[in-house]
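Chains as they are written, first to last, in numbering that gives the first Met the number 0: chain S, 0 to 269; chain C, 0 to 227.
What the hints contain is simulated information worked out from the structure, not anything from laboratory work. Keep in mind it's a predicted model, so treat the numbers as computed, not measured. Ideal placement from N, C-alpha and C gives every residue a C-beta, glycine not left out. Careful, some of the hints might be misleading.
Unchecked claim - Below, a sample of chain S positions facing chain C; criterion: calculated Cβ distance under 8 Å: (1) 59; (2) 60; (3) 156; (4) 204.
Stated by the list, open to error - Computed far set for chain S versus chain C, every beta-carbon distance over 10 Å: (5) 50; (6) 62; (7) 65; (8) 117; (9) 142; (10) 170; (11) 178; (12) 180; (13) 181; (14) 201; (15) 208; (16) 225; (17) 266.
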Amino acid sequence: MRLLSKSSLTILVLIIPSLLAAEGSLRLATTTSVENSRFLDFLLPAFQKETGIPVDVIALGTGAALALGRKGDVDALLVHAPAQEERFMQEGYGVSRANIMYNDFLLVGPESDPAGVRFAPTIQEGFTRIARARAPFLSRGDGSGTHIKEKEIWNKAGILPQGSWYKEGGQGMEALLRMASDMKAYTLTDSATWAFLREKLSLKALYRNQNESILKNFYSLILVNPEPHPHVAFSIARTFLEWITGPEGRQKIQSYTIRGKQVFFLQRQP
Amino acid sequence: MMALITALELIVSGNRELFFTVGTSLAFSFFSTLFAGIFGLVIATIFTLGKFPLRRFIISLVTSLMAVPTVVVGLIVYSLISRSGPLGSLGWLFTPYAVVLGQSIFALPIVISYLWAGFSKLDTRFFETIQTIGCSFPYKCLLTWRESPAALVNALLSTFGRVLSEVGISMMLGGNLRWYTRTMTTAIALETTRGEYEYALALGILLLLFAMGINALTLRMVRQKVAA
């Protein structure tokens, strides 16, 4: 009996700190692109150092992150699919949404460029050439922000991609880029993950235009509405929002570089 | 609860992608079990009838390979067939060939273990008899197989069940490509992370039905064979 109470006491002592820690942490669902570019490894320790709040990151595609937000399984979302985000807000699942930063999407593929997208005048034309040449194209296929952007471009090009040349991987950005590299396939990627991985891949950036509006990649932070899910740590999430949009956060975003180049840019304040 | 109803609707309505994925899974598992079965049968029979140095040691080594996790098999085969690997020129990575290759390697020690266990249960008088009639080695093999139909059925069906439910190899070597290498297990992993719980649940229900069905079938057939 004494042994029992002693061991249960030990268990309690062991469990309590972890419960307390869980209480004060932020669960952040993000797109794989910010995680795969190692940006969060740079950003979050600074936040924790300043506020003492640890952040648990669940890196998924934007579609999946929004689904987690709907279920109340996370406190905040860092995502990049404006249309889906707006719907999420309209449905009342989010409380506030702030533009955080942006970069761009680019089309990468094998150096031999069998479809000749290198000299395409627009990204839609590049996609059209791939479809016409039936050159292997690997899609994220996971409902992520990058996947949504890719579908938007196909749509604008008036093409419904189908056939053995078009494959959907259903994986995060880093895994998918590695697959595309092995399959000698084209794929659409975000510039941050690309900057981080490009030297490890046998792929080349074949079409990139930072001024083409369809290729702009906007990231925003959404706070999950605690109303339907009372366990959502709203005040902690708000602390993160205030920090990342404040001077320290903005300075951090601007100072993150990969091989000496800035990869995320601050949104101009309206 | 709503998710469960939607999942059942997906199954009943015969959702095309759902059943394509199920078919892919069954096809991969069938070929993997077939290849592993052929090689496994030969090896297990040699283990049973053959006499060679370090026999005990080799047998325990091979049967203990049953415990190798799928992700380790995936990793080894991946490094072999990736473009930078020694078999990279085959271009097999992220194709059905890669999945079947990986799953066959994974299944081989399992088949051997089941068969070896089954053959070991044969009466010692049987082995004495085939020694005394002095027939050729292939004929001895045939006699051994004919004596243990239950072991064969048990080995193949159990292995099929194990392969059908593995996810590591299919994910790493198949790449979870839609309409190509996406299996029930990789689809469940993907659809859950995508937040498509209903679809994942539908696949989960089917996978569970298959696993339990195979189990029941194994039990029944083994009982029948033993009775006969």
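message: Hint by hint, where does the structure go against what was stated? Just the numbers, ascending.
response: Those not satisfied are hints 3, 4, 6, 7, 9, 10, 11, 12, 13 and 14.
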